[in-house]
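Please take these sequences and the hints and turn them into a complete structure.
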Amino acid sequence: MYDWLLFLHLIAAFLLAVTVVMYSAVAFGAAAPGRTLFVADRCWDVGGLGTLVLGIWLALYLDQYDFFDGWILGAIALWFVATALGQTLQRRLASGDTPAVAAMHWIRTLVVLGLLVLMVWKPGA
Amino acid sequence: MSVVAAIRPDDWNIALFVHILGAMTLVGSLALVATSLAARDLRLGFRSLLLGVIPGWIVMRGAAEWIAEKENVNDIDPTPAWVDLGYSIGDPMLLLIIISTVCAGIAARRQSTGGLRMAALVLVGIMVLASGIAIWAMATKPT
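Sequence order for the protein chains is Y and G.
Counting with numbering that gives the first Met the number 0, you get residues 0 to 124 for the letters of the first sequence.
Counting with numbering that gives the first Met the number 0, you get residues 0 to 142 for the letters of the second sequence.
No lab work stands behind these hints, which were simulated from the structure alone.
Mixed in with the good hints, there may be bad ones.
[Said to hold, decoys possible] Only pairs whose alpha carbons sit at most 30 Å apart, straight line, appear in this in silico DSSO-like list of lysine-lysine: (1) Y:121 with G:69; (2) G:69 with G:140; (3) Y:121 with G:140.
Here it is as structure tokens:
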């Protein structure tokens with residue numbers, strides 16, 4: 000059970016990485032096709048939901064972690080920040096505000112990196 | 000086994016972080032290549048292979064060796080199946096990356112949306128599936 004929860008949690012996290020890489024191409028100035036951005040946004044939808052639900056499930060399933068551990072609460076907070084940034088990014092992209100899109104993308108990338116740091120180091124666990 | 004995997008020495012973390020970061024760049028770039036080639040954007044597909052997939056593979060593979068050394072998994076006899084699986088997926092992938100990069104590069108140069116684009120697309124699809132199996136092996140660590 001634990002193995003499959005972790006596997007699906009990781010797959011969801013890799014979907015978030017797909018979104019970040021695809022938007023990085025846009026931030027670097029590539030004229031990404033609309034289909035590419037559509038895939039990127041759907042990857043965030045599925046990956047975002049997957050990481051959150053499966054991550055909480057894992058925290059409740061494992062005895063050595065508690066839902067109220069600082070690193071888990073921190074990760075949930077970062078998840079909400081990254082998701083909010085992604086939604087704003089989509090709106091700015093639709094309105095053609097390219098400089099803001101790049102800035103917001105790089106901030107979201109840093110937040111996602113912060114999530115990965117928390118998942119690997121698990122400070123306080 | 001799973002509980003043991005969840006608790007690891009702190010000095011393994013940096014190698015694991017770099018390994019996952021490389022793997023995420025690799026998989027994310029492969030997905031970008033696949034959607035670009037499918038949308039007939041040959042230039043973006045080729046550049047993503049060159050600037051995303053290849054560096055991602057190098058970082059992932061280098062950090063894999065780093066963490067294998069820290070964990071001494073290569074000294075275990077017999078080598079754990081999940082480690083063997085990781086190597087047997089990761090190493091041949093370099094060959095597929097080189098072939099698909101050459102195919103995509105020639106296709107982009109000729110602006111050819113025919114066989115070479117399709118060949119690169121199929122190879123990238125295989126690599127995405129293989130990456131999924133590798134992630135499964137790293138997460139579940141089958142014996």
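Report task. Would you mind confirming whether the straight-line C-alpha gap from residue 69 of chain G to residue 140 of chain G stays at or under 30 Å? Result -> Holds, at roughly 17 Å.
With a cut-off of 30 Å on the C-alpha distance, tell me whether residue 121 of chain Y and residue 69 of chain G pass. Distance of about 19 Å is within 30 Å: holds.
task: Would you check the hint for residue 121 of chain Y and residue 140 of chain G, treating anything up to 30 Å between C-alpha atoms as holding?
output: Distance ~20 Å between residue 121 of chain Y and residue 140 of chain G Cα, so the pair holds.
The structure shown violates none of the earlier numbered hints.
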